[in-house]
Amino acid sequence: MERKTAYWLIAIVLITFISRLTFALLVPNFSYDSYFHLRQVEHIEETGLPLFSDPLSYGGRDLTFLPLFHYLMALFALIIPLKIVATILPNVFLSLLPVIVFLISRDISKSEEGALFAALLTGFLPILFATANSFSTETLLMPLLFLTIYSFLHISEKKYLYTYIITFLISSLTSPVTFLLIMGFIIYILLSILESKKINKAEIEVILFSFLFFVWIQFLFFKRFFAQEGLSFIWQNVPKAIMAQYFPTISLPQAVVLVSIVPFLAGIYVVYRALFQLHNTRAFLLISFVISTSLLAWFRLIPFQISLMFFGVVLAILFATFYEEMRQYLAKTKFVKKNWLAFSMILLLIPTMFLPAALSAVRSETTPTNKEVLAFQWLATHTPEDAGVLALLEEGHLITYYSSRRNMIDDQFRLIKDVNSRFEDVNVLYHTTFQTQAIGLLDKYDVQYIVLTSHAQETENLEKFRYLTKKCFDLVYNNFEENYDGGGAQIYQNHCTIRELK
Amino acid sequence: MERPLFLEHCLKYQKWYLSLIFLMVIGIIFVGNMKEEKPFFHGGESYAHLATAEKMGFDNVEIYPLYLITKIMPSVYFNLIPLVLTMISLLLLRYILQKRGFSLEFIFFFLLLLVLSPFFIKQATTISSATIFFFLFTLMFTLLMQSKRYLRYGVIFCTAVIPLIDQFSGLIVLFALLLYCFSLEKSERRPLWFGLGILLAVMVGSMIWLNTPFMQGPFHEQQLARDLISDLGGDSGISFFVLILGALGFILLWREKRIVLAPAYLSLPLLIPSYIYNTEAIFSLGMILIFFATEALIFFLNYKWQLPTLRQFTFFLLLLGIFFSSLAFISRLSDVGPTAQDREVLRWANENLPSEKIIASFPEDADYVSYFTKKPVFFTFHDQNKLREIDSAAIFNAVYVHQLFPILENNGIAYIYISENAKKKMSSEQGLLFLLKNERFKLAYSAGEAEIWEFE
Chain A
876 MERKTAYWLI AIVLITFISR LTFALLVPNF SYDSYFHLRQ VEHIEETGLP LFSDPLSYGG
936 RDLTFLPLFH YLMALFALII PLKIVATILP NVFLSLLPVI VFLISRDISK SEEGALFAAL
996 LTGFLPILFA TANSFSTETL LMPLLFLTIY SFLHISEKKY LYTYIITFLI SSLTSPVTFL
1056 LIMGFIIYIL LSILESKKIN KAEIEVILFS FLFFVWIQFL FFKRFFAQEG LSFIWQNVPK
1116 AIMAQYFPTI SLPQAVVLVS IVPFLAGIYV VYRALFQLHN TRAFLLISFV ISTSLLAWFR
1176 LIPFQISLMF FGVVLAILFA TFYEEMRQYL AKTKFVKKNW LAFSMILLLI PTMFLPAALS
1236 AVRSETTPTN KEVLAFQWLA THTPEDAGVL ALLEEGHLIT YYSSRRNMID DQFRLIKDVN
1296 SRFEDVNVLY HTTFQTQAIG LLDKYDVQYI VLTSHAQETE NLEKFRYLTK KCFDLVYNNF
1356 EENYDGGGAQ IYQNHCTIRE LK
Chain B
151 MERPLFLEHC LKYQKWYLSL IFLMVIGIIF VGNMKEEKPF FHGGESYAHL ATAEKMGFDN
211 VEIYPLYLIT KIMPSVYFNL IPLVLTMISL LLLRYILQKR GFSLEFIFFF LLLLVLSPFF
271 IKQATTISSA TIFFFLFTLM FTLLMQSKRY LRYGVIFCTA VIPLIDQFSG LIVLFALLLY
331 CFSLEKSERR PLWFGLGILL AVMVGSMIWL NTPFMQGPFH EQQLARDLIS DLGGDSGISF
391 FVLILGALGF ILLWREKRIV LAPAYLSLPL LIPSYIYNTE AIFSLGMILI FFATEALIFF
451 LNYKWQLPTL RQFTFFLLLL GIFFSSLAFI SRLSDVGPTA QDREVLRWAN ENLPSEKIIA
511 SFPEDADYVS YFTKKPVFFT FHDQNKLREI DSAAIFNAVY VHQLFPILEN NGIAYIYISE
571 NAKKKMSSEQ GLLFLLKNER FKLAYSAGEA EIWEFE
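Protein sequence lines correspond, in order, to chains A and B. By the working numbering, the letter at position 1 of the first sequence is numbered 876, and the numbering carries on one by one without gaps. By the working numbering, the letter at position 27 of the second sequence is numbered 177, and the numbering carries on one by one without gaps.
Since the hints were derived computationally from the structure, they do not count as laboratory data. Don't take every hint at face value.
Covered stretches of chain A, going by a simulated chain B footprint (3 or more residues, C-beta under 8 Å) [as the list claims (entries may be wrong)]:
id, region
1, 1010-1020
2, 1090-1099
Output of the computed footprint for chain A on chain B, the stretches with three or more beta carbons under 8 Å from beta carbons of chain A [to be verified]:
id, region
3, 370-382
4, 386-394
5, 470-476
6, 496-502
7, 591-598
A partial selection of chain B residues facing chain A, derived with a Cβ cut-off under 8 Å [what the hints assert, rightly or not]:
id, residue
8, R405
9, T459
10, L467
The beta-carbon is built from N, C-alpha and C at its ideal position, and this holds for glycine as well.
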């Protein structure tokens, strides 16, 4: 690598990191799902073990998840406060992704300039940038997956074989989404057979090993879940009513904005060239990942957001090839000056990429407000320890993390038997006008407190609960009125119960 | 490729290793049952056959050997029946494979995968049609491979009995004998023709006069994926790793022109539709999948790996995965009824309830309810009675008494039995458990979570 390129790469990494961190600090609190991971890390810090049996989630349940991310974070949290670890480390991981993308792109396009552009695109990919406040497994998984792909491209060298094995093991223990790789490998083999290309024996051996290892790890951790759910484990027990939210069908305009229009169009061009004109084996591998991601998202087998992240990064890598081909073509025409292409690319990227990235990072609906957090913290100190609390599905982890109280529902659906009826009951509790129905359900789930946040008001299109009466419900907390600056919450306590008269 | 020393040792003393593994697997199940005071047999099939044996008549002549055994053997030793039969069958199978010229390596891995497969473990601990079939099938081929002519004519006994189990078993034997026929010299085929003749005659006869079913069962609620892959929670099937190996073996061997592969490939068009029709066909399908899996395992073992480091890892993972699946299956067996509490309630029902009254229970519990109480049950899966199946589902899914009572009254159901497992699946706030609070129901007896309710 040229020294100049190295400086540019370092600059991209630093700019990415600083921008991500700035946005992370600008927006208060973490994304809703982060609180699940924070709680797990804290539990590991205290006991050395993840919380596989959670007394608060769903009023008490068994959990199954892959714990490597949490252990890694707990390790750092031993020397640095967890809040700082949770803010900085995920952003460090995702800021390092451009380096890996640079390496892969350089291999495929043989162009350092194109690879630098690919790295820049990755750093400011809107869908990735939106995770600036997210403390989740995906932030570690994405760099790991692409490091695994990079090692796979050099698998015949011993040091890369070991790197591959290690990164693949870590990925498999971090998230089941690693299945993306396996699926991509299978499609890669099929594409190669269709194109009558000779597949490297070492690659087949690695794919076989990866497949078996991945399956084994999943069976080891999710044994009970598989046995309980049978073949429907692949839909992760997500309630039918929110299936569309977790696995939405792909809307093209939305996808294009999230992965940015420039790499999207360039990606289509490169895929077409690689498949039908150049028959480039290395590009085949990446195209296989594009196909596998699309297929898995189409069949609703992986969450939409993750598939878009992966898709976006692969497109960014393919962009390097597009850039190099474009540069070579323009050089032949002698029509433009040397740096015209790079300059125009940057001009094109500002409105199509950097702005959407910034906007998606500061979107407020993915994180709770300070006032909402205060309300959940109030619950921890002003309610009995065994109290049950009702809040929205996404706010479930705020109850268990900040309030240390039982929630009625959260987004960890695995192993929950009555998840569909629970979800419906939560909906009923937010929208019913009948007090007896509401109290009956609160009795059923042993819930004494109900929380109405400004987020709930917005998403549920609800001013207040329609069944509240002074006789049964006391307003015990309200910070809506104090200097309304966006956000806030009300907490009601239920005194009534429904009983059969003797 | 050079084999690891440990593998060499295993191959050399494979008879001992395999027996040890088999006995360990059975031992774990046996000790687990003893600890929980559960009966040895899990699920319904053993009890269905034992209950039939008690009512032996001309229409179930195939059950005569079991009838005879139950008459002379104390019931505590019944669990030895499938164990002994399976052990003998394994030895016979090993003998057959040796005679057919399979390598030591193949025999070892084939039998190892077989012994660790959930469908085989289930069969070794159940009085089932598969147990009897496996024994007779291996006995038949052992006899056919004898040098003494009079022993070869022994095949007639097996071909006369197998079609009495079910038509499907008869078809498999027919298929196997026809294929075997081609590998014999013309002069050696005579006993086989006799066997085939008898087989066809008994098949037709049993179909006309005995109404022998196409396939026994089902004895549980059928689910194609779960019954095939034990890791998905099925009470039989094969490990997911064996399925993967089987699929790889199927692809790898496709282009090879070995005569031994023909039966495996040719049997699939018969076995796959049969499995879809009734998942009890898993025994035969599982055997073929294990055959392919063994071939794949040996292929990878002898294949020259470019990355030798991965070779060890991959084999280690495969074996670990297969062992893990088997252990997971064995540990799940403890959740399958009947439990000690179930047996206690059923013992009480046997002693205290009138013998003509009908008991309704979850269909998966019905066979052992019938066996332990000696009373008629409303519906079992193998009844194949569509109307009763609908009514049975309606009973256990009823939400209101006006849905439940007419079904109970019209069918003369006097008792409802709720097993411990059934209770775990039902909600106490709605459905049948909630309706049992009605004054027309009276709790007749309970032990732990198992209950029997009287309907007045």
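So, going through the hints one by one against the coordinates:
1. Counting residues of the region 1010-1020 of chain A whose C-beta lies closer than 8 Å to any C-beta of chain B gives 0; at least three are required, and the coverage claim is violated.
2. Only residues whose C-beta sits within less than 8 Å of a C-beta in chain B count toward coverage, and the region 1090-1099 of chain A has 5 of them, enough to reach three; the restraint holds.
3. Interface restraint, the region 370-382 of chain B with chain A: holds (5 residues with C-beta to C-beta distance below 8 Å; minimum three).
4. By the rule of at least three residues with a Cβ nearer than 8 Å to a Cβ of chain A, the coverage given for the region 386-394 of chain B holds, with 3 such residues.
5. Counting residues of the region 470-476 of chain B whose CB lies closer than 8 Å to any CB of chain A gives 4, so the stated coverage by that chain holds, three being the minimum.
6. Figure legend: the region 496-502 of chain B, annotated as covered by chain A; annotation inconsistent (0 residues with Cβ-Cβ distances under 8 Å, at least 3 required).
7. Check result for the region 591-598 of chain B against chain A: violated, 0 residues qualifying (beta carbon to beta carbon below 8 Å, three or more required).
8. Interface restraint check for R405 of chain B: the shortest CB-CB distance to chain A comes to about 14 Å, outside 8 Å, so the restraint is violated.
9. With 8 Å as the threshold, the beta carbon of T459 of chain B comes within range of chain A, its nearest partner Cβ sitting at about 7 Å, so the hint holds.
10. For L467 of chain B, the shortest C-beta to C-beta distance to chain A is roughly 5 Å, which falls under 8 Å, so the interface hint holds.
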